[in-house]
Amino acid sequence: MDPAATPVDRRRRRLLIATVAGGLVLLLLIGVGIYGLLRGPVPRTDTTPADPPVSATTAPPSGTTGEGPVAVPPAGGPEEFARAVAQALFTWDTTSGYAPVDYAQVLADVAADDEADAVAGDVRAYLPTVEAWGQLRRYQTRQWLTIDTITVPDAWETAVAQAAPGQIPAGAVAYTIDGTRHRDGTWGTQAVDASRPVTFTVFLVCTPAVTNRGVTGLTCALLRLSQLDNPLR
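Read in this note's numbering, the sequence shown has 195 at position 194, and its numbers run on one by one without any break.
These aren't lab readings, by the way, just hints derived from the structure by calculation.
Each residue gets a CB set at the ideal place from its N, CA and C atoms; glycine is no exception.
Among the hints, a few may not be true.
To be verified - DEER-style ranges, computed between Cβ atoms: (1) Ala165 x Val102: 18 to 24 Å; (2) Gly218 x Thr130: 33 to 39 Å; (3) Gly172 x Gly135: 54 to 60 Å; (4) Ala119 x Ala165: 31 to 37 Å; (5) Ile148 x Pro170: 22 to 28 Å; (6) Pro74 x Glu116: 17 to 23 Å.
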């Protein structure tokens, strides 16, 4: 420190240093914040470092982004239904003109009547809040899912084997899905993207679809969703 400097000079220097340091921290937080929006929240149990953005990701399925929510067909069998639920849960586009509630509605439409309220809460935990959606829309963010594996977990088979009669609904089954969640968007004029592995369990029930022509197949309904990255194994 300059011994000839007056107290006023010293205060000015400290103020200048603090201002420059604060500006650098602000720039860093802005950069981290933009990537954080694209990457999304990391579960508390996830201790792996965040993957940096890459130049290219798996392209989103055609017809599932930019056109709004896609209805989940209740027919077709349990595994096909579980796949459709997973895609509806993770596929959204903030530039489509729709809101999180619209993407949630297609899942509410196939929820089992007795579990409708619980399913609504499960779905909300997967979708961005209204406030986060507004921020993501500024960066034209969209999201989709690549499914790697879908299996009936051993824990479910054990539960069914040990359940008392009537404890588990007839036709109920659980599928644990492992996949990769992708997000992309724009930061200024630069395209940015991020992806991370996800895993979760879909609980559903399928019953024979009966019409005036008799049994025509299966109709499935959504029972519950596990917490993200906390599936049955």
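Here is what the structure says about each hint:
1. Under the hint 18 to 24 Å, the C-beta atoms of Ala165 and Val102, about 38 Å apart, miss the expected range.
2. Checking the proposed 33 to 39 Å range against Gly218 and Thr130 shows it holds: the Cβ atoms sit about 38 Å from each other.
3. Between Gly172 and Gly135 the beta carbon distance is about 40 Å. The supplied range of 54 to 60 Å is therefore violated.
4. Range check, Ala119 to Ala165: Cβ separation about 21 Å, and the 31 to 37 Å hint is violated.
5. Between Ile148 and Pro170 the Cβ separation comes to about 25 Å, which falls inside the hinted range of 22 to 28 Å.
6. Under the hint 17 to 23 Å, the C-beta atoms of Pro74 and Glu116, about 19 Å apart, fit the expected range.
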